Amino acid sequence: MKSETAMQPSEAAIAPLASRSQWPSFGSLVRRPEMGSVIGLIAVFVFFSIFGGEDFLSVGGAASWLNVAAELGIIALPVGLLMIAGQLDLSVGSMVPASSMTVAIISGHFHAPIIVGVLASLGLGLVVGFVNGLLVIRTRVPSFVVTLATLFALAGLTLGLSIILTGSTSVALKSGPIAKLLLGDYIGGKFEVTLFWWIAIVAIVGYILNLSRYGNWILAVGGDSVSARNAGIPTDRLTIALYMGSGLCAAFVGLSQAILYNSAQVAAGQSFIFNSIIAVVVGGVLLTGGYGSVVGIVLGTVTFSVVNQGIFYTGFNANWASLIIGILLLLAVVMNNTFRNMALTYAARTKTRTRS
Amino acid sequence: MTIPLLKLTGINKSFGPIDVLRDISLDVNRGEVLCLLGDNGAGKSTLIKILSGVHKATSGVMEMDGKPVSFDSPRDASDHGIATVHQFGGTFQLMSIGRSFFVGAEPTKRWGPLVIFDRKRANEIAVREMRQLGITRIDDGNRLVGGLSGGERQALAIARAVHFGASVLILDEPTAALGVKEAAHVLRIVLQARQKGIAVIFITHNVVHALTVGDHFAVPIRGSKAADFRKGEKSREEITDLMAGGEQMAELEAEIESYMTKHEGHPPRVGG
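So the sequence lines, in the order shown, correspond to chains V and L. Residue numbers for the first sequence follow our numbering, beginning at 1 and rising by one. Residue numbers for the second sequence follow our numbering, beginning at 1001 and rising by one.
Hints listed in this document are in silico derivations from the structure and should not be mistaken for laboratory results. Treat the numbers as computed from the prediction; the structure is a model and nothing was measured. Check the hints yourself; a few may be wrong.
[Unchecked claim] Okay, derived cross-link-like pairs now, SDA-like style, lysine to any residue, Cα gap no bigger than 25 Å in a straight line: (1) L:K1049 x V:S227; (2) L:K1234 x L:K1049; (3) L:K1049 x V:R138; (4) L:K1049 x V:D236; (5) L:K1056 x L:A1227.
[Said to hold, decoys possible] Covered stretches of chain V, as calculated for chain L (at least 3 residues, CB under 8 Å): (6) 64-71; (7) 228-236; (8) 286-292.
Every residue, glycine too, gets a C-beta built ideally from N, C-alpha and C.
Let the sequences and hints guide you as you build the complete structure.
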């Protein structure tokens, strides 16, 4: 067989493997998907350190953007997982106030124990997520439209039921010290406890995406859902589970807000729709799916929060914050595309070196 | 007489009123390369979809090892050992080589109380399997699939199929989008798979590529099997004529037929 000898790898081609060092090279660091968001965060941090002065860098300043980052981050992480899997979830914008109202109506208006209200809120989050997921896989309508529909439906349902049950769009909630301590209080008078929940969720989502086999499934479904299904991945169940995750996390933020502020409003939380998408996209997740990282989502969340809060520490009018965020979003996406393309160029250097 | 690994008898497939495949019968043996040579629209892709479980045949019998089989899904077909590699190979462009190699079959290990994806092992196996197919440029399983060349992606997909124990390997135009050198490499890999005793179904319209690796050839034209022959029975010119001429003849016949039905049975007048 003539092919037998030709197929043996040549000595020269094998050599670079042995000599390759164990440490990641500068090139491989630059190829990390988070690289764009690292640069973006450093840039905005330096910018606001210069213009925001000492107040921005003080403990209070840090708490200001960390608190925003915590609430946004808890939602951005599961929304990011969904986006990596190729789906969007806009309904979080209604899920947050729906959950706030649920806990406030059950435990505030009807005086049920707080645990009942909390569990009902979380249960509602799971149900909404399940419905979202089921609609997306059954109707095959793009998830943007499906969750836009559930966004409005849930907002209407929350408003209608709140008026019927309480006659008001705002309900007070008094919760005990334990519920406060766990879900809605300030530590040291400045830092929200949700910060710790955020850290916990970072760990969980990090485990799912980077360490567990489900991370591989999520990347594969986002990359090519047909091939993923053919490879034996239960894509439908995975999609529903991811939507339930984002519903649950949005519900968590909603109920912790109600407990923190001792009241719930029907119309709070719409800002989470776009803010979560911005955080995730700035963090290097590909909007069409198949690519992204937890570190990136965290960096994107922090970047967004620094801009959003940092503006108050500068002499500028706060109205400019959205302009900065808009420009930042564009820059981040362009930069992320560049770094992604760099990751795709498979070093021809090893080849050329052995040839020379 | 050995029993063919995969045997199709009288396969028909129609989508509504349109017959896409008519009475296709084929034998595929272990350690043999069957080349399906056909122009676009000859029914090659429908045949692949039936073999890989995407479509079900309207009628006809499919047997593996002499036992009738029927695939409900692509997953079902791959459980029977049928692996399909499409023209562009790995489809997960932005996944690492190690990750995409093990999609749906990830190796895991325990890490304290957690079960985690064994990325190191996945990368090692993926790189090793690709090296065995002569892809020596790849030394890092963390690199993205999208950074591979077309031939390397084919090799990755074939390596994956071989690793997971495919007994029938369907290659859908693996060389069509490749340069000359890369195509030659893929052809070598096809021979390597054949040597392992895998039955290879090689779909192409490149007669030279087919003749290089094929043991057995079938030419579908307009959904029917126009020819079925073994290596050495026909020359390259004969096959080319068969593919091109046969297609044109069928086209012409169809034209005349439709003309006649429209014009109450009169054949078209020449120069009229």
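These are the hints, each one checked on the structure:
no.: 1; hint: L:K1049 x V:S227; in the structure: 14 Å, holds
no.: 2; hint: L:K1234 x L:K1049; in the structure: 28 Å, violated
no.: 3; hint: L:K1049 x V:R138; in the structure: 24 Å, holds
no.: 4; hint: L:K1049 x V:D236; in the structure: 22 Å, holds
no.: 5; hint: L:K1056 x L:A1227; in the structure: 24 Å, holds
no.: 6; hint: 64-71; in the structure: violated (count 0)
no.: 7; hint: 228-236; in the structure: holds (count 6)
no.: 8; hint: 286-292; in the structure: holds (count 3)
Violated hints for the displayed structure, listed by number in ascending order: 2, 6.
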